[in-house]
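Protein chains: 2
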Amino acid sequence: MDHMFSSRIKSVQPSFIREILKAAENPDVISFAGGLPDKNLFPVKALTQASVRLMEHDGRDILQYGQSEGEYALRSYISEYYRSRQQLNVPVENILITSGSQQGLDLLGKVLIDQNDRIVIESPGYLGAIQALSLYQPEFLPVDIEDNGLDLDGFERSLSTDPKLLYCVPNFQNPTGYSYSEDNKKSIVDLVKDRNMFIVEDDPYGEICFSGENASSFFNWLPDQSILLGTFSKTISPGLRVGWIVAPDEVMKKLIIAKQASDLHTSRLTQGLILEYLLNNDLQAHLDQLSRIYGERCRIMGDLLDQHLGDEIERSHPRGGMFMWVKFAEPIDTMALFDAASSRGVVFVPGQSFYTDSKSSNCMRLNFSCSNQDQLAIGIERLCRAYLESRQADVPGHSKASA
Amino acid sequence: MDHMFSSRIKSVQPSFIREILKAAENPDVISFAGGLPDKNLFPVKALTQASVRLMEHDGRDILQYGQSEGEYALRSYISEYYRSRQQLNVPVENILITSGSQQGLDLLGKVLIDQNDRIVIESPGYLGAIQALSLYQPEFLPVDIEDNGLDLDGFERSLSTDPKLLYCVPNFQNPTGYSYSEDNKKSIVDLVKDRNMFIVEDDPYGEICFSGENASSFFNWLPDQSILLGTFSKTISPGLRVGWIVAPDEVMKKLIIAKQASDLHTSRLTQGLILEYLLNNDLQAHLDQLSRIYGERCRIMGDLLDQHLGDEIERSHPRGGMFMWVKFAEPIDTMALFDAASSRGVVFVPGQSFYTDSKSSNCMRLNFSCSNQDQLAIGIERLCRAYLESRQADVPGHSKASA
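Chains as they are written, first to last, in our numbering: chain A, 771 to 1173; chain B, 771 to 1173.
Since the hints were derived computationally from the structure, they do not count as laboratory data.
Do not take every clue at face value.
[Claimed, not checked] Straight-line C-alpha distance at most 30 Å; calculated DSS-like pairs for lysine-lysine:
no., chain 1, residue 1, chain 2, residue 2
1, A, LYS792, A, LYS780
2, B, LYS792, B, LYS1023
3, A, LYS1023, B, LYS815
4, A, LYS809, B, LYS1097
5, B, LYS780, A, LYS963
6, A, LYS815, B, LYS1097
7, B, LYS792, A, LYS1023
Using the sequences and the hints, build the whole thing.
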C-alpha cells in the first residue's frame, strides 16, 4: 500500500502527543501534557444564550453556503479589535476567517511553500506549525528561542539561505512560555526589512496576559511583510474552530483561492455564534478572569518546582499563556522520564517533540492552565519523585536521598 | 510578489463561478447558476431546538478540543446509516468527519497525490474537485460521462497510464445530472479490480432521489479500493460544513494525520448539532419532502426548455440531485451567451467551467433547486430569448423571428 501514498504524507510522522493524550485520558493521571484551555472557564451560559438568539434571528441564512472570506461582520469586529487594542490598521479585506488558526498554517503552506523552500522556525517550536508546514516539504531552519526572543546571531545566519518566512509565536510561546522583548523585535525587523520574506506572527496567547500589558506586533513596523494568525480557541472556545489570518493584498487573494479549495468556508454557525457572543458580552472581563486564574496556576506551579527541584532545574517564568518550560541541569532524556512519570500518574510533553531535528532533550513542557491547586501540588510531587528516582536508577552507585 | 508564491497555487485559477455568483446577488436576476440547496427548506426550527438541547446538555464538552477523527457518536450514526440504507458494512473506525466533503477532497490530495500523478476525472466534472485536487498538481485524465455513466472505452484507455484514482459522482452528477447504470458500474469494477488504484465515489446528491430508488455503491464490490465522500450539506445544511470520508484502514491512518495538520478537527458544535437533529427528527420524511419539491422543479424546468427550445437543445433528464445539463444543437459558445443572458436577468454556468482543459463548450449547467415555479417560468423565458437573439446576432443575414 505504501507506494500509493504521496511523498508529502510519508514525511509527516504521527505526533507522539496523540499517545500522550491517550495516557492522559485515565482519570487518575494528572496531565500537564495537553494544550487545552480549562473547560470550566468556558462562557457556556453566554454562548447558549447567543446560540438561541442566533438561530432565531439568522438561522435560515447562516445554514446556507457562505463566502470563502468568512462573515463580513465578524471580520469587521476583528479589524476594529486590532485598532482599539493594538492601534493596528488592519482593513477588513485583509482578514480571512479560518477553521482555527491551525488552518491558517495549512493555507500558508499551500500558498507560499514549494518543496525545499526554507522556513525559519523557533527551536523549540510549536508542534502544530511544524506538522502543518511539513506537509509542504520545506527545509526548516531552527533558530534558538531564548527568554527575551530569537537568538539574533542564529537568525542572521539563517537569512543567508533566503528563507521565505519566519514563523514565530512572540507572546508566551508554545512550548517555552518565553516572550520577545521590544528590542529583540526591533532587531528582527531591521534584519527582515526589504528582504523577500514574510514574518508569520502566530498569537494565540497574547490576550492571556498575567500583567495586562499589550505587546507590539511586527505588523506595526512591517505591515507589508507581516502575516498574523489569530484565534478564539484560547479566549472563547477551541471546539468551535474559529480563527483568522491577516495578510497583505496579494497574499490574501491567493489565500482565498486556497481556502475555497480546502473547505469552501468556515462554518457560518460557529462564526455567527462567536460574533453574537462578542457583541453581547464583556470580552475584557472574561479575559481578565482567565488571565487571573491561569496566572495564579502558573505561579503555584513555578513555586512548587522551585521548592522541590530548585537546583536541579532551570525554568521559564511565563508572563502569560499556558506553558512552562523546564530544563534539567543533569543531561537526562525526558523521553525516558516520561515513562517513569506516567507510571506514577503524571504526564508532560518531552522536549524532543518540539525540535524539527528530533534531537534528544533534557527539557519538558508543562501546561498549567488545566490543573487546579490540588492537582498542581499532587502532580508536581509525582513528577519530582519520578525524576529523583529515575536519576538514582540511571546512576548506579550514586545514592541520593529522595525528596 | 509573484516569485513568493508556490508553484501549486499559481496553477489554480480563480473560479469563474465566483464572478457568476456575484452577478446572481442582484435580486432582479434569476439564478440557475448556483449549486445551493433551497434555504427555505432547511429544518430551521428543528435545528434551533437541537441547538438549545445540545448547548444545555453538552455545552461545556463540545466547546473543548476534540478528536481529529470526529465525534464517535456521529461516526456511529453514519456507519449504521450505511448499513440500514445501502447494506454496506462500513466500520466506525473507517469514517472520518470532515469540514464538508470539499475537505475530504483536499485531504485525499494531501495523502495520495504527488505532482504528475494521474487522476481520472469525469468530463465534464465537478469543479470543486478539480479545484481541490489541482493544488496537488496531478495530471487529469478526463473521460467522457454519458447519460448512463462513464465512457468505458475512454476509461479503459486512461488506465494504460496507471492512474492513482478515479474520481466520480455516480448519482445525479454535477454538472450533468447523469447517473451511472448498474451495468456501467460493474464494468468499471471489472476494469479497476486488482489494479493499484482507488475509486473515489462522491455522493452528495444520492439521497435527493426523485424516484426513491437506492443505487448501489462501488464499496459493495470493492471495499478495499473504495473511498466514499459524504455530506450533510445537501440534505440538512451546507452552512454547518459537516461531511465525512470513508477509506480503507491504511489510507484512514494517513487521512487522520492530514486532518490533524489541516485544522485539528471539525467543529464539535456543528457535529453535535447534526447528530442531535438526526436523533430527534425523521430524516427520511425531510428527504422525501426535498426530493418531491426538487423533482417537481426539475420536471417544470425540463418541460419549459422542451417547449421553448425543443429542437435547439439536447438535455439530461435527471432522476435526482440539483442540476440539468443542456447542450445546444448549434455550435454556440455558452460563455458568450452568458453575457447576453446576464443582461436579460438570468444566469447559469457555462459548460467550459467544468472541463479540465477549459475547452469552449456549447453546453451549460442549470440549477433547479432554488427556483420556484414562477422563477422557473420567467428565467427560462429570459434564457430562451437571450439564446435566440444571440443566435440571430451571430449569423448576419440569417434572419429569424424571435420566440
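For each hint, the structure was consulted:
no.	hint	in the structure
1	A:LYS792 / A:LYS780	holds (23 Å)
2	B:LYS792 / B:LYS1023	violated (40 Å)
3	A:LYS1023 / B:LYS815	violated (37 Å)
4	A:LYS809 / B:LYS1097	violated (57 Å)
5	B:LYS780 / A:LYS963	holds (25 Å)
6	A:LYS815 / B:LYS1097	violated (55 Å)
7	B:LYS792 / A:LYS1023	holds (16 Å)
In summary, the structure is inconsistent with hints 2, 3, 4, 6 from the numbered list given earlier, while agreeing with the others.
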